[in-house]
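Residue strings, one per chain:
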Amino acid sequence: MTTLTAPPASVEKYASAFESLDDSDFPQWLITTRLQAWANFSDLGIPIKRRGNELWKYTNLRPLADAEFEYGTIGLVSLDEIRSNGPWDDAWDTVVVVDGNFSAQLSNLHGAAGLTAGSLAEAISAGTDDVESQFASLAGRESYAFTALNTAFAGDGVYLGVAAGAQLETPVHVVFVSSDLAASRVTYPRLLVSAGENSSFTIIETYINLAGPAQLTVPVVEFFVSRGARIRHYRIQMENEKSFHIGTTRVDQKGDSSFSSTSFAVGALMGRNDIHTQLGEPGAECTLHGLYMTSGRQQQDQEISTTHAMPNCTSNQFYKGILSGKSHAVFSGKVVVERDAQKSVANQKDLNLLLSRGVRIDAKPSLEIFADDVKCGHGATAGHVDRDTLFYLRSRGVDEDAAKAILVRGFAAEMLDEFKPAALKEFVERITDGRIETLLAESDTLGTV
Amino acid sequence: MTSQNTISRTSDLSGQEYQYGFVTDIETDLAPKGLNEDIVRLISSKKREPEWMLEWRLKAYRYWVELNESESEPEWANVKYPKIDYQDIYYYAAPKSVTEAPKSLDDVDPEMLATFEKLGIPLQERAKLAGIAVDAVFDSVSVATTFEKQLGELGIIFCSFSEAVRNHPDLVKKYLGSVVPYTDNFFASLNAAVFSDGSFAYIPPGVRCPIELMTYFRINTADTGQFERTLIIADKGAYVSYLEGCTAPFRKTHQLHAAVVELIALDDSQIKYSTIQNWFPGTPEGEGGVFNFVTKRGRADKNAKISWTQVETGSAITWKYPSVILKGDNSVGEFFSVALTNNYQQADTGTKMIHIGKNTKSTIVAKGISAGHGNNTYRGQVLIMPSAENAVNHTQCDSLLIGDKCGAHTVPYIEVRNPTARLEHEASTSKVSDDQLFYLRARGLSEEEAHHMIITGWSREVFQELPFEFALEASQLLKISLEGAVG
Numbered sequence: 009m010t011t012l013t014a015p016p017a018s019v020e021k022y023a024s025a026f027e028s029l030d031d032s033d034f035p036q037w038l039i040t041t042r043l044q045a046w047a048n049f050s051d052l053g054i055p056i057k058r059r060g061n062e063l064w065k066y067t068n069l070r071p072l073a074d075a076e077f078e079y080g081t082i083g084l085v086s087l088d089e090i091r092s093n094g095p096w097d098d099a100w101d102t103v104v105v106v107d108g109n110f111s112a113q114l115s116n117l118h119g120a121a122g123l124t125a126g127s128l129a130e131a132i133s134a135g136t137d138d139v140e141s142q143f144a145s146l147a148g149r150e151s152y153a154f155t156a157l158n159t160a161f162a163g164d165g166v167y168l169g170v171a172a173g174a175q176l177e178t179p180v181h182v183v184f185v186s187s188d189l190a191a192s193r194v195t196y197p198r199l200l201v202s203a204g205e206n207s208s209f210t211i212i213e214t215y216i217n218l219a220g221p222a223q224l225t226v227p228v229v230e231f232f233v234s235r236g237a238r239i240r241h242y243r244i245q246m247e248n249e250k251s252f253h254i255g256t257t258r259v260d261q262k263g264d265s266s267f268s269s270t271s272f273a274v275g276a277l278m279g280r281n282d283i284h285t286q287l288g289e290p291g292a293e294c295t296l297h298g299l300y301m302t303s304g305r306q307q308q309d310q311e312i313s314t315t316h317a318m319p320n321c322t323s324n325q326f327y328k329g330i331l332s333g334k335s336h337a338v339f340s341g342k343v344v345v346e347r348d349a350q351k352s353v354a355n356q357k358d359l360n361l362l363l364s365r366g367v368r369i370d371a372k373p374s375l376e377i378f379a380d381d382v383k384c385g386h387g388a389t390a391g392h393v394d395r396d397t398l399f400y401l402r403s404r405g406v407d408e409d410a411a412k413a414i415l416v417r418g419f420a421a422e423m424l425d426e427f428k429p430a431a432l433k434e435f436v437e438r439i440t441d442g443r444i445e446t447l448l449a450e451s452d453t454l455g456t457v
Numbered sequence: 006m007t008s009q010n011t012i013s014r015t016s017d018l019s020g021q022e023y024q025y026g027f028v029t030d031i032e033t034d035l036a037p038k039g040l041n042e043d044i045v046r047l048i049s050s051k052k053r054e055p056e057w058m059l060e061w062r063l064k065a066y067r068y069w070v071e072l073n074e075s076e077s078e079p080e081w082a083n084v085k086y087p088k089i090d091y092q093d094i095y096y097y098a099a100p101k102s103v104t105e106a107p108k109s110l111d112d113v114d115p116e117m118l119a120t121f122e123k124l125g126i127p128l129q130e131r132a133k134l135a136g137i138a139v140d141a142v143f144d145s146v147s148v149a150t151t152f153e154k155q156l157g158e159l160g161i162i163f164c165s166f167s168e169a170v171r172n173h174p175d176l177v178k179k180y181l182g183s184v185v186p187y188t189d190n191f192f193a194s195l196n197a198a199v200f201s202d203g204s205f206a207y208i209p210p211g212v213r214c215p216i217e218l219m220t221y222f223r224i225n226t227a228d229t230g231q232f233e234r235t236l237i238i239a240d241k242g243a244y245v246s247y248l249e250g251c252t253a254p255f256r257k258t259h260q261l262h263a264a265v266v267e268l269i270a271l272d273d274s275q276i277k278y279s280t281i282q283n284w285f286p287g288t289p290e291g292e293g294g295v296f297n298f299v300t301k302r303g304r305a306d307k308n309a310k311i312s313w314t315q316v317e318t319g320s321a322i323t324w325k326y327p328s329v330i331l332k333g334d335n336s337v338g339e340f341f342s343v344a345l346t347n348n349y350q351q352a353d354t355g356t357k358m359i360h361i362g363k364n365t366k367s368t369i370v371a372k373g374i375s376a377g378h379g380n381n382t383y384r385g386q387v388l389i390m391p392s393a394e395n396a397v398n399h400t401q402c403d404s405l406l407i408g409d410k411c412g413a414h415t416v417p418y419i420e421v422r423n424p425t426a427r428l429e430h431e432a433s434t435s436k437v438s439d440d441q442l443f444y445l446r447a448r449g450l451s452e453e454e455a456h457h458m459i460i461t462g463w464s465r466e467v468f469q470e471l472p473f474e475f476a477l478e479a480s481q482l483l484k485i486s487l488e489g490a491v492g
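These protein sequences, in sequence, are chains A and B. Everything in the first sequence is counted per the working numbering, starting at 9 for the first residue and increasing by one. Everything in the second sequence is counted per the working numbering, starting at 6 for the first residue and increasing by one.
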């Protein structure tokens, strides 16, 4: 493979796995792309630098860089395990990926008209539609360690194509599951979504982790949203409490398209949700919403950004966080309005509920505006539930525990209401209720100060 | 009389691009260009400083050399400028006639006094009428301090920094570097090594300073760096309002200004610090102008209050974050700012509010105006430490864009380590609305007048924090600075 002078120490751990990759089945363009990505990752290494590392200012990747992860083993997963650990509806078109590899056996596809859903490796071999020009064009060639790392190991994953004009009535569910093996492993989930002109559909992206030890999951998702297409996207992150999840989503939107996403981040020891939408033609709009909950020593890091490159686009970022125990959350929102993007409207908001001593929230909602005819605003808050609020409920006969649960649940409700498919809504509500019990058990300030 | 004078002065301002662009032709005592230990020693000896002061400077210098060698000049701010050659700057320039320290105002070079007249500083008798004590720093050397005697009767010390080092060494030793240590940042280290003068104020316990203290800074000599240092101490229960103004002549080359201001507000005291910064912003084509890299920070002890108000219309580059360390319980920090960038000006400015004590409160109101090719960034940090029980912060940042070649950016850092804190941050970015303009135009105002009226109204929240005369000057400055940006 490529020889480089003294790559950063954290690169070595991934080198032998990369060198033993079998690329005999792949077309030359993918092999070239992977080599370039590896060269890129070798240069960059894991971004552990503490000074001047604005993208990772509040999240120290040292524990990740120091940990060892195996690569390449694929375990067995049963359908029941998937059903009981994530959202599920038989009516949905479900695509399952186990340890990075597409599983035809576990997938549940109904042959909806206009939907191509299946293995990314097959789509690459078969040269399906624009896969060659699309793959890694949004994520994988830029100077960013984690998309480079994923791309270097890219082989399989999910390809989702929706034909122009197709209106899918039931959601498409993509499940990335880490199987129950004893080792700490790294997986590189990959999803490519190509939405044809004026198509319309709902997609649910779920990460489930059945393993005991710490896993490293480095997903990369690319959305190509053609003119007039409308996508409703949900992202559910349910990794185990020892794991690292460093997800990157890149969305390219053409004219008059709509991309609306709600994320539900509760899992992992360190979870990162990095999403960027490019409003590349006039009239595009995007909505990026999310709920994160942290307890124990957990950390959730939201890196949310939107670029308005053309006039008359609208963007909306709105995140809510609930923190307890000794946990830490980061919200870094960014809206860039470029010179030509007149008549842009952008809103950005991050609200946090702090439940105990020892929590830490770092919020950085930033705006970079280069056009004058714009309406942009942002807001951020952090606060707690005070004594008076709790007293109000208590004085109406609600017992203390119930009152606390009502207050926290009430804060989350606005986000939970965004999960429209019934089975999905039932799932996130059930998980949230369970999480609130944990959050409250670790809370020492709610209603006391 | 004063207000008459001010009015005629400000009315003169209109129709001029940069009124303060004159050069005063007076002999200056220049040290050779470049920076080394000898220059630091020279500055110290010129100031007849005691050994401990020189030692402190040398420590700072050595630290700065390390920073410079490891290329630690800060790069995170949203400003672009050619690399500064620190060996191509004069670090010491004193007006020659002042080297024999003036005994009274009569000893001051008449040409310099004429300069101050052009600046409109009410020095001498006019100072008394204006009720302002002025410490004018001319190319880094304090020229004359008015009102010293009157203040002295109250026990207030207001003098140049060099005098303070000689006459009040205990106070200087105790507080110098206690809020901005020489290791603080690149420019603060540089300042600590080569600062030439500045102002010093001490208000004794329980004393309310009856007049506003003022320092006027001016860079005159070409290729000169100005490194003044201000130290203000409000002892327990004291109150002081301090004003600072600055100008520099037209120069096609850049001038470096790296100042440090330290405020110490002891228990129950209050310091109000107002700045009108009107350093030369460069030509409309972006040539020349002052690089303004300033470190300003205050420490508020128990029940103390520190309030920063700034109107920033000058400088090619402004890099400045007046901050408050809210150390004592119930202390209060405030930051009110209007920053304007026109032509090719760049500003990266904001504040830091570090909450340490219980029940600490901070308020931030920052207004940014961008016009021409200007780029204006609000960068602020609100940090709530675990000990800061029931801390409250409210931040409001508004940006206004005039024209389609400028930029307005907002980068707040909100860091909370205590769950009982309450923080609110809100910001908006927009242009002057067509409806508002139409309303005023329909009533016979020109487009320029209408813009000025809207912008002044929009900035009112900050202007009303300024002492009256400053508020008037600030409004006029905005008008002049925006000339040509509208229509």
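A portion of the hints provided could be inaccurate.
[Said to hold, decoys possible] Computed list of lysine-lysine pairs in DSS-like fashion (alpha-carbon distance at most 30 Å, straight line):
| # | chain 1 | residue 1 | chain 2 | residue 2 |
| --- | --- | --- | --- | --- |
| 1 | A | LYS342 | B | LYS85 |
| 2 | A | LYS383 | B | LYS38 |
| 3 | A | LYS342 | B | LYS436 |
[To be verified] Examples of chain A residues lying across from chain B (beta carbon under 8 Å, computed):
| # | residue |
| --- | --- |
| 4 | ILE56 |
| 5 | LYS57 |
| 6 | ARG58 |
| 7 | GLY60 |
| 8 | ASN61 |
| 9 | TRP64 |
| 10 | ALA371 |
| 11 | PRO373 |
| 12 | ALA379 |
| 13 | ASP381 |
| 14 | ALA390 |
| 15 | ARG417 |
| 16 | GLY418 |
| 17 | ALA421 |
What the hints contain is simulated information worked out from the structure, not anything from laboratory work. The beta-carbon is built from N, C-alpha and C at its ideal position, and this holds for glycine as well.
Once the shortest beta carbon distance from ARG417 (chain A) to chain B is found, is it less than 8 Å? violated (18 Å)
Can the restraint linking LYS342 (chain A) and LYS85 (chain B) be considered satisfied, given a maximum Cα separation of 30 Å? The hint holds at about 21 Å.
Holds or violated: the hint that ALA421 (chain A) contacts chain B, with Cβ atoms closer than 8 Å. violated (21 Å)
Evaluation of the interface hint that places LYS57 (chain A) against chain B, nearest CB under 8 Å: violated (13 Å)
Hey, does the ASN61 (chain A) contact hint survive, CB to chain B under 8 Å? violated (11 Å)
Verify the proposed pairing of LYS383 (chain A) with LYS38 (chain B), using a straight-line Cα cut of 30 Å. This hinted pair is violated, its Cα atoms lying about 49 Å apart.
Tell me if the interface restraint on PRO373 (chain A) is satisfied: Cβ within less than 8 Å of some Cβ in chain B. holds (7 Å)
With chain B as the partner, please determine if GLY60 (chain A) meets the hint condition of a C-beta pair closer than 8 Å. holds (7 Å)
Would you check whether GLY418 (chain A) satisfies its interface hint, that is, whether its CB is within less than 8 Å of any CB in chain B? violated (18 Å)
30 Å Cα cutoff - pair LYS342 (chain A), LYS436 (chain B): Satisfied, since the Cα-Cα distance of roughly 20 Å is no more than 30 Å.
With 8 Å as the cut and Cβ atoms as the points, is TRP64 (chain A) at the interface with chain B? Since chain B brings no Cβ nearer than about 14 Å to TRP64 (chain A), farther than 8 Å, the hint is violated.
Please check whether ALA379 (chain A) passes as an interface residue: C-beta within 8 Å of a C-beta belonging to chain B. holds (6 Å)
Violation of the numbered hints given earlier is confined to hints 2, 4, 5, 6, 8, 9, 15, 16 and 17; the remaining hints are satisfied by the structure.
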